[in-house]
Amino acid sequence: MIPEIGQFSLILAFCFAIVQGTLPLVGVWKNNTALSNLAVPAARTQFAFVAIAFICLDYSFYANDFSVLYVASNSNSHLPLAYRLAALWGGHEGSMILWVSILALWTMAVTLFAKSLPETFRIRLISVMGMVSIGFLAFIIFTSNPFERLIPAALDGRDLNPLLQDPGMVFHPPVLYMGYVGFSVAFAFAIAALLDGRLDITWARWTRPWTTVAWVFLTLGIAFGSKWAYYELGWGGWWFWDAVENASFMPWLVGTALIHSLAVTEKRDAFKVWTVLLSICAFSLSLLGTFLVRSGVLTSVHAFATDPRRGVFILMYLVVVIGGALILFAWRAPKVGLGEKFDVVSRESMLLTNNVVLVAAAGSVLLGTMYPLLMDALGAGKISVGPPYFDAVFVAIMAPGLFLMGLGPLAKWKKASLPEIGMRLRVAAIISLVSALLVPLLMGKLTLMTAIGVFLGIWVASTTIILLVNRIKTRKMATPDLVENLKGIPLAFYGMLLAHLGIGVFILGVTLVKGYESEQDLRMDKNDVAKIGSLEFHFDGTQEIAGPNYMSTEGTFTVTSNGKQVAILQPEKRFYPVQGSVMTEAAIQPGVIKDMYVSLGEPLENGAWSVRIYIKPFVQWIWAGAILMALGGILALTDKRYRILNKKAAKEAQDALEAFEA
Amino acid sequence: MKKLLIIFLLISNFAFAGEAKPLGDDPALELRLKTLSQDLRCLVCQNTTLADSSAPLAEDLRQEIRKLMREGKSDQEVIDYLVARYGDFVLYKPPVNESTALLWFGPFLLLIIGGFVLFRVLKKHAGNEDIQAEDV
Amino acid sequence: MNRTFKFLIPLVLFFIAVGFLFKGLYLDPHEVPSPLVGKPAPMFQAPVLSDASKTFNSADMKGQVWLLNVWASWCGACREEHPVLMAMAKSDQIATYGLDYKDIDQEAQAVLDANGNPYKTIATDANGKIGIDYGVYGVPETYVIDKAGVIRYKQIGPITEEVLINKIVPLLKELQR
Chain A
0 MIPEIGQFSL ILAFCFAIVQ GTLPLVGVWK NNTALSNLAV PAARTQFAFV
50 AIAFICLDYS FYANDFSVLY VASNSNSHLP LAYRLAALWG GHEGSMILWV
100 SILALWTMAV TLFAKSLPET FRIRLISVMG MVSIGFLAFI IFTSNPFERL
150 IPAALDGRDL NPLLQDPGMV FHPPVLYMGY VGFSVAFAFA IAALLDGRLD
200 ITWARWTRPW TTVAWVFLTL GIAFGSKWAY YELGWGGWWF WDAVENASFM
250 PWLVGTALIH SLAVTEKRDA FKVWTVLLSI CAFSLSLLGT FLVRSGVLTS
300 VHAFATDPRR GVFILMYLVV VIGGALILFA WRAPKVGLGE KFDVVSRESM
350 LLTNNVVLVA AAGSVLLGTM YPLLMDALGA GKISVGPPYF DAVFVAIMAP
400 GLFLMGLGPL AKWKKASLPE IGMRLRVAAI ISLVSALLVP LLMGKLTLMT
450 AIGVFLGIWV ASTTIILLVN RIKTRKMATP DLVENLKGIP LAFYGMLLAH
500 LGIGVFILGV TLVKGYESEQ DLRMDKNDVA KIGSLEFHFD GTQEIAGPNY
550 MSTEGTFTVT SNGKQVAILQ PEKRFYPVQG SVMTEAAIQP GVIKDMYVSL
600 GEPLENGAWS VRIYIKPFVQ WIWAGAILMA LGGILALTDK RYRILNKKAA
650 KEAQDALEAF EA
Chain B
0 MKKLLIIFLL ISNFAFAGEA KPLGDDPALE LRLKTLSQDL RCLVCQNTTL
50 ADSSAPLAED LRQEIRKLMR EGKSDQEVID YLVARYGDFV LYKPPVNEST
100 ALLWFGPFLL LIIGGFVLFR VLKKHAGNED IQAEDV
Chain C
0 MNRTFKFLIP LVLFFIAVGF LFKGLYLDPH EVPSPLVGKP APMFQAPVLS
50 DASKTFNSAD MKGQVWLLNV WASWCGACRE EHPVLMAMAK SDQIATYGLD
100 YKDIDQEAQA VLDANGNPYK TIATDANGKI GIDYGVYGVP ETYVIDKAGV
150 IRYKQIGPIT EEVLINKIVP LLKELQR
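Protein chains in written order, with numbering that gives the first Met the number 0: chain A, 0 to 661; chain B, 0 to 135; chain C, 0 to 176.
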């Protein structure tokens, strides 16, 4: 019964999405308030029905209803509850339900929080989001129905892939989708503005917080995915440039460019056309990513089971949505004005240079991901494009941009002086160069790549600190008291500092772990000791443990440093009987300076095991950096400007910020 | 007395605990194999490197590479050996030739062209009042 | 009006991308084409299945057009292909030789005893070395080799009737001339 309710709810949601996505736009066009007023109620009703469908599906997982084909394919009665519920997004059909649910959630948020927007604009916004919903709901109903019945019902399910039976599964997809799907709001803002014909500073100010929230979620989602891969897959890798990883990274790069471009548009009412194009591109890349994962066009670890029919459907949908958006763009963009002037050397131009770098970087990721397909389609042979390509090209393109990060925020709006910026950055330059030589030598080996990496990481971090010091100094005259001084700095500024600092921390983490990680493949009998640096890994032996739905051989390693115990690591080799798969669960001792990482390989004779021991210096800095970036974004969001309770407060806050930044 | 006790304990410790031995007879060869095979693609489990894959063909190919290395073949000769049999697909680092020129140089071209266009637009933007986007 | 064209660039780029994606829906990203097509078939000598006294030498095959079918008793898809191979053998126009890949003699023989033997001779490749030389990555795979000993075509996966009629038979006709 419940699955049928879910199925029916989906169909109703689809009907309301159709209403939401078409009639209000007609209403705005023809000045028919009856039609345009349908937007909010239709959107909220659509949300309600999507929520019901989601709940029905998850209930089927909770209740182990194996008469539902999707539940039988992805769950099992022995699966722990949290994973049973998360298994909803373990397969293609369910992940699409997650997609539309999150889209409906964002739409609901727009109906609730975008009250300060002009009515017609808000209605257009909701309607455009409705159009996106129509496509996805249609896709689910006609090609990917999760409520399909299995008759006769299975006695038990095929279980969730053991790789996914992990807390990471509970958090990574929803958070990632919140970001991925959240760019639909920025997209809708752009389309609504193009339809409106009105693109000004206020448009940028409205768009910014919504874009930032999506960006924060996407940053966290990608970081979770990376961290999960690190501890789950057993060989300490955290990024593989896999097609699906790239599919989430490209919107992130363009989204970052968008946030910076919006700053220019908000400040100078300039480059609006470019900002609108970026908004369209960010979400288009999200849609493209959704296509790539499900169409069978590319090989990927993450790829869902493929079906050309589904591929054609999504592709047609892409053509309608993205093609439509770009046609609208080509038609309306030329009429948009160019805005206020600013100098060739200015903060505005630096922000736009950031855009060029980020877009070129996103281009390299897109090119690398699609190139094998390109060559195959042209009959030019079959190649593979993997980490060696991306590591070389992507990093080479980002490097100049990362260097510019030090200069941009210091540049004055409208007209800046390079020599003046150079003066202020002397200290940072010296610190960075010295670190670039010292740190690698301290770590044990100086190479060009590590030197460059350390230079850039310290450069970004130190220039960010100089920014803060600078601000404090400038304000000292007016506000001599340090605490008052700090309190008076807008949160948006702190947000920027934190996010940029996060990038520096991230770069250092990546550089040091890649440059100095060590791996040992060893054969260890019971009581053997492996000596790595000053650490000693003593293999205490193994024992058998039973888990809720698996059998495990758990090894114990006591790690000592100069006689003192520093860690006990217990890696496992798990056997999941339902799918008959063997999983390696690595044991990790995380630390600020380094991670110790042990995984069991294969059992050898006489109770001996092949063991892999990794030392990963500064690897946690990678995700710490990402979290700092996300925190920075959140801080920027809480800035007074965006808590627009009424138009007067908003104007006051904006004036205060302009006075601050002048 | 204490010293003797400590020495005794240390010696008896050595008697019980062995040192972990590296897997594989020649650690230098294994390292070379690992570094090389990390940039090669497994043809069966196509989403793993030849270094990490547990597929039987991957095992066979790693053995084959060890054999070639012991025979004194260089890294490039090993790569050529595999490409002759499986094509460029087996390389995670695509070759640099006319077909892949766009791949390797495209992004840099994009960066340079983008920078150039931006510079031109900025110059115009800095100078002119009230121009329409169309005129730029 | 010239100036408006630059706003169409994103749209044009998008449609080019869509074209490739559409073509991509009908391609198989997993398939690894062989670089050996058009090159001489690697020479090998191998023991014959279930007959320790005999050796198969690929050099002996010069002068005739032949098929080398790589298979194994543990390979499910090979069973799918088997009836087609039997039909080919019956026609007496096609000479198919087998390469038993990473297999155990008794088990291979058992499969042939049960389902029939479509091969003129079967060479065994117990350690897979010959397979590596031929770029084998997933059985079954079949090579069409011409009179000069050059590989002219590689079939990845089972030979279906469709492939047989549309690709292999016409090619064999051409090579026999």
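Do not take every clue at face value.
As the list claims (entries may be wrong) - Below, simulated PhoX-like cross-link-like pairs (lysine-lysine); rule was C-alpha separation at most 20 Å, straight line: (1) C:LYS38 with C:LYS89; (2) B:LYS123 with A:LYS530; (3) C:LYS101 with B:LYS66; (4) B:LYS72 with C:LYS128; (5) A:LYS414 with B:LYS123; (6) C:LYS89 with A:LYS334; (7) A:LYS340 with B:LYS72; (8) B:LYS123 with A:LYS334; (9) A:LYS486 with A:LYS639; (10) A:LYS413 with B:LYS123; (11) C:LYS119 with C:LYS38; (12) B:LYS122 with A:LYS513; (13) A:LYS472 with A:LYS266; (14) B:LYS92 with A:LYS525; (15) A:LYS411 with B:LYS20; (16) A:LYS411 with A:LYS340; (17) B:LYS66 with A:LYS340; (18) A:LYS413 with B:LYS122; (19) A:LYS266 with B:LYS20; (20) B:LYS72 with A:LYS414; (21) A:LYS513 with B:LYS72; (22) C:LYS5 with B:LYS122; (23) C:LYS153 with C:LYS172; (24) C:LYS5 with B:LYS66; (25) B:LYS92 with A:LYS266; (26) C:LYS128 with B:LYS123.
Stated by the list, open to error - If you anchor each label on the Cβ, the simulated ranges turn out as follows: (27) A:ILE626 with C:GLU161: 50 to 58 Å; (28) A:GLY540 with B:ASP74: 53 to 61 Å; (29) B:PRO21 with A:LYS563: 22 to 30 Å; (30) C:ASN165 with A:GLN542: 55 to 63 Å; (31) B:GLY71 with A:GLY380: 48 to 56 Å; (32) B:VAL43 with A:GLU518: 53 to 61 Å; (33) A:GLU518 with B:LEU101: 32 to 40 Å; (34) A:ASN526 with B:GLY71: 37 to 45 Å.
These aren't lab readings, by the way, just hints derived from the structure by calculation.
Don't be surprised by glycine CBs; every beta carbon is placed ideally from N, CA and C.
Going through the hints against the structure:
Restraint check for LYS38 of chain C and LYS89 of chain C: the C-alpha separation of about 29 Å exceeds 20 Å, so the hint is violated. A C-alpha spacing of about 65 Å is found between LYS123 of chain B and LYS530 of chain A, which places the hinted pair above 20 Å, so the restraint is violated. Of the pairs offered as hints, the one joining LYS101 of chain C and LYS66 of chain B holds, with about 19 Å between alpha carbons and a cut-off of 20 Å not exceeded. Distance restraint check for LYS72 of chain B and LYS128 of chain C: the Cα-Cα separation of roughly 18 Å lies within the 20 Å cut-off, and the hinted pair is therefore satisfied.
Our distance criterion of 20 Å between C-alpha atoms is met by LYS414 of chain A and LYS123 of chain B, whose separation comes to about 15 Å. Between LYS89 of chain C and LYS334 of chain A, the direct Cα distance comes to roughly 74 Å. Violation of the 20 Å bound is thereby established for this hinted pair. Pair hint LYS340 of chain A plus LYS72 of chain B does not hold up; C-alpha atoms about 63 Å apart against a cutoff of 20 Å. A distance of roughly 18 Å separates the Cα atoms of LYS123 of chain B and LYS334 of chain A; the hinted pair therefore holds under the 20 Å criterion.
Taking the CA atoms of LYS486 of chain A and LYS639 of chain A, the gap is about 13 Å. The hint holds against a cut of 20 Å. Taking the CA atoms of LYS413 of chain A and LYS123 of chain B, the gap is near 14 Å; set against the 20 Å cutoff, the hint holds. Taking the CA atoms of LYS119 of chain C and LYS38 of chain C, the gap is about 24 Å. The hint is violated against a cut of 20 Å. Taking the CA atoms of LYS122 of chain B and LYS513 of chain A, the gap is near 41 Å; set against the 20 Å cutoff, the hint is violated.
Between the alpha carbons of LYS472 of chain A and LYS266 of chain A the distance comes to roughly 24 Å, so the proposed pair goes past 20 Å and is violated. Simply put, LYS92 of chain B and LYS525 of chain A have alpha-carbon atoms about 40 Å apart, too far for the 20 Å limit, and the pair is violated. A distance of roughly 61 Å separates the Cα atoms of LYS411 of chain A and LYS20 of chain B; the hinted pair therefore is violated under the 20 Å criterion. Between the alpha carbons of LYS411 of chain A and LYS340 of chain A the distance comes to roughly 14 Å, so the proposed pair stays at or under 20 Å and holds.
Distance hint between LYS66 of chain B and LYS340 of chain A is unfulfilled; the C-alpha atoms sit about 67 Å from each other, more than 20 Å. Pair hint LYS413 of chain A plus LYS122 of chain B holds up; C-alpha atoms about 13 Å apart against a cutoff of 20 Å. The hinted pair formed by LYS266 of chain A and LYS20 of chain B fails the criterion: a straight-line CA distance of about 64 Å is larger than 20 Å. As the CA atoms of LYS72 of chain B and LYS414 of chain A are separated by approximately 60 Å, the hinted pair breaks the 20 Å bound.
Only pairs whose Cα atoms come within 20 Å are accepted, and LYS513 of chain A paired with LYS72 of chain B is rejected, the gap being roughly 28 Å. For the given pair, LYS5 of chain C sits about 19 Å from LYS122 of chain B by alpha-carbon distance, which is consistent with the 20 Å threshold. A C-alpha spacing of about 16 Å is found between LYS153 of chain C and LYS172 of chain C, which places the hinted pair at or below 20 Å, so the restraint holds. With a CA separation close to 57 Å, the supplied pair LYS5 of chain C and LYS66 of chain B exceeds the 20 Å bound.
Only pairs whose Cα atoms come within 20 Å are accepted, and LYS92 of chain B paired with LYS266 of chain A is rejected, the gap being roughly 43 Å. Our distance criterion of 20 Å between C-alpha atoms is broken by LYS128 of chain C and LYS123 of chain B, whose separation comes to about 66 Å. Take ILE626 of chain A and GLU161 of chain C: their Cβ atoms lie about 55 Å apart, and the range 50 to 58 Å holds. GLY540 of chain A and ASP74 of chain B have their C-beta atoms about 40 Å apart, which leaves the hinted 53 to 61 Å range violated.
Taken as a hint, the range 22 to 30 Å holds for the pair PRO21 of chain B and LYS563 of chain A, whose Cβ atoms sit roughly 26 Å apart. Between ASN165 of chain C and GLN542 of chain A, the C-beta spacing of about 60 Å keeps the proposed range 55 to 63 Å intact. At roughly 31 Å, the beta carbons of GLY71 of chain B and GLY380 of chain A sit outside the given window of 48 to 56 Å. Distance hint check: the CB atoms of VAL43 of chain B and GLU518 of chain A are about 23 Å apart, inconsistent with the given range 53 to 61 Å.
Separation of GLU518 of chain A from LEU101 of chain B is about 35 Å and conforms to the stated range, judged on CB atoms against 32 to 40 Å. Checking the proposed 37 to 45 Å range against ASN526 of chain A and GLY71 of chain B shows it holds: the Cβ atoms sit about 39 Å from each other.
Hint compliance for this structure: hints 1, 2, 6, 7, 11, 12, 13, 14, 15, 17, 19, 20, 21, 24, 25, 26, 28, 31, 32 are not met, and every other hint is.
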